[in-house]
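**Student:** Each chain is listed here by its residues.
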Amino acid sequence: MFASKGKKLLQGLLVLLVISMVAAGCSSNNTEKSADAGGAQATKTITMAWPRDIGPMNPHLYNPSQLLAQSMIYEPLVSYQDGKLVPALAESWTLSPDGKVYTFKIRSNVKFSDGTAFTAQLVKKNMDAVLHNKKLHTWLGMIPLIEKTEALDDTTFRLTLTESYYPALYDLAVVRPVRFLGEAGFPEDGDTSKGVKSPIGTGPWVLSEYKKDEAATFTPNPYYWGDKPKVDKVVVKVIPDAETRVLSFEKGDLDLIYGEGLISYDAYKELESTGKYVTKLSEPIATRNLVLNTMNAKLADLKVRQALSMGFNKEAMVEGVTLGLEEKADNILPPNLPYTNIKVTPVKYDVEQAKALLDEAGWKLPSGVDVREKDGQKLELELMYDKADQTMKAMAETLQAEWAGIGVNLKITGVELTVYIQRRKANEFDMNFYSTFGAPYDPHSFMTAVVQPGYGVSDTLAALPMKAAIDKKIKAAMATTDDKARTELFGSVLTTLQEQSSILPISYIKQMAVYRDNVAEFKFPSNRDEYPLHGTKKN
Amino acid sequence: MGVYIGKRVLAIIPILLFSSLLMFVMIRVGPVDPAEAYLAAAHIQPDDEVLAAKRHEFGLDQPLLTQYVQSVGRLLRLDFGHSYLSNMPVWGEVAQKLPATLQLASASIVLALVVSIPLGVLAAIYKNRLVDHVIRVFAYIGACVPVFWIGYLLMFFISVKLEWLPVEGRGSVQHLILPSITLALWLIAIYARLLRTTVLEELKEAYVRYARARGIKERVILYKYVLRIAIAPLITGLGINLGKLLTGAIIVEQVFSWPGFGRYFIEAIINRDIPVIQCYIMLSVCVIAGSNLIADLLQLFLDPRIARKGRASQG
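Chains as they are written, first to last, in the working numbering: chain A, 1 to 539; chain B, 540 to 854.
Some hints here could point you the wrong way.
Under the rule of at most 27 Å between Cα atoms (straight-line distance), these lysine-lysine pairs were calculated in the BS3-like manner [said to hold, decoys possible]: (1) K700/B <-> K269/A; (2) K593/B <-> K134/A; (3) K378/A <-> K343/A.
Hints in this document: simulated from the structure, not taken from any laboratory.
Here chain A stands alone, though its shape is the one from the complex:
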């Protein structure tokens, strides 16, 4: 009896195996074997990988909608290119002398992907939908300042602010939330914060096939007003694991790997060393800084901050930790951003000078001990970092070792991201890492962080004797309509901050791209959140 039962059990299991295999076969979506494999096919497809599903593609919301898909489908009024603002859906604009009223001339030949016309009325409708949920978007400086939106006629849109705020145009260039959804994409009540009906935009791409959590296929928007995309399809595969992305690329399933942190530094170097692929690094997109909290009595002393700045070999650290994929930084903000190209004297690595400065500051090293002391206190500091970030961790360890050499005891604390944010907000740290935002957010987002508490910068600068003067200059620069005056004001603020050594530039973060040699005309976008698929070709 048992024998027959065992046999039946085995038979049952075999049937289950067959069923599951068949089910797998049936559910096959015949995921596009990228046309590149054959090479001879007429359809030109670029296949790339993304760690997450593209999401609901809501132009006015954030996670889980991915910037990648949002920037392919929706467009801004003005666009950021090579440090300048250029026309996009608005072909021109004027600003009132008091800096409060922006009048945009809307491009008249633009259509949404469903063939309907793009009008000033729709600009207003989208803008109002964003403003309907103001609370969600107050991080974008322009949003709380909007007083009025008006569609004067089909091609004229007017935006009135309560006060002059020069970054308004830069805020309009970001990927979300101010981009434009077609009429048919709006829900009945017009409240896009609850979702959109369908992703109808004016951008170069439309979503043509979609399998949630697996892959999304984009094809050119037939109504696109600008230059047509140079490939027939872009397939975005969802591959959450970095190593798998690399293996998939090596196998030939992917044509392009692009995006921040999509593969490790090691993997990039490994792919580069094969000589089979094109590997590229962008211009600096942001600076990784170390923030020294002047509210800590020890760090309130300029000499101590300067000593710390000189006391580690920045170049060797960046090269060692990032394998040369980030670049040693001397400026708090990359000099390729607007208003940031100031003259800076690089801080030289000089251990002896660092020791001398600490001696001058009264931190002496008694014989027989490793840590400097002053008034019975030891020179001990804490560096907080996000423990999930391997680059920060390695840099923290390097600093610990380097500063031990000048008599500073650095305690390094890896914390959960949420704790990191909480402690930063409450200004409960001696030091931490701070990366700038990149284009089109900087320099104004960094300047906002310098002025406003809660972002982990303003409070740390509070003990600087000239903090009030810095704040005043930033506020003036934000409000003025005079570009020259703004250049001077921001230049002066940045120079002071550099001299005060409370924010120590470490490295410039760059974007990485790896692609097969049949991908051509690849160009890094200027906007950190945009994706370089429009002009890219496939041979």
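Use these hints to put chain B onto chain A, whose structure you have.
**Tutor:** Just chain B now, with coordinates in the frame of chain A:
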């Protein structure tokens, strides 16, 4: 037997209650405030006013006991709330993702049984000979090497170098092969060793000696008598290992881009999507408790002495 089964089923209720309490406490004492986690996931600057409104909405301003009772009430109705990230009902999203995970898990179980049974028997028959050594080394490696590493190795050799199978994704039978092998490997390792031991033990039993004395062929003895008894512990093992299979699936799904429940869970952890994490934990507890129960009941069915022992010990 009925009483025994009833008791075992009822014993699951306190396990579930305890798990829900533990989970509730962990979330409250952890460094992550659910309201703040929600705002972080939605990319909203957490100012005090917005935080207070969210805390009120989530009922976090209620007394702890009320909060706990309410959360148990919701769990009983299978209401796991809305995902912080997608704003969709968690249960609906889970239901969408479960088939992929079940497919992967069932293929792995079947594969594990189909492969480990012959391996275990072979190892027992050829005890201390080359075949046995090879199988034991294989089992040793299978049990020790991390699942994700095996996945990468398979991908590298089978997919990238030999180009036999796809690297990742779901959609065809070919896509299922590498992930299910990866997930099944440690089960195969455990079962092959378990089976080898039990077969060897059974071969020492008196009934085998009698059978041999009666001149029954060795092959018949092995397949007709020994194996059917030796397989029983595998079923218990399967019940116990189902929970581990679930955690293994998380890693395998991540490595092979398998769009299942495990990957959903990982994303939830990254985003501090507490309702999803809660749902995952509760479901895992149910699966583990349920599979252990089924394994016990199967054992009971195979060996009714267990229930009698249970009754006798209660006097």
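**Student:** For every hint, state whether the structure bears it out.
**Tutor:** Cross-check of the supplied hints:
As the CA atoms of K700/B and K269/A are separated by approximately 20 Å, the hinted pair is consistent with the 27 Å bound. Pair hint K593/B plus K134/A holds up; C-alpha atoms about 16 Å apart against a cutoff of 27 Å. Proposed proximity of K378/A and K343/A is contradicted: the alpha carbons are some 36 Å apart, above 27 Å.
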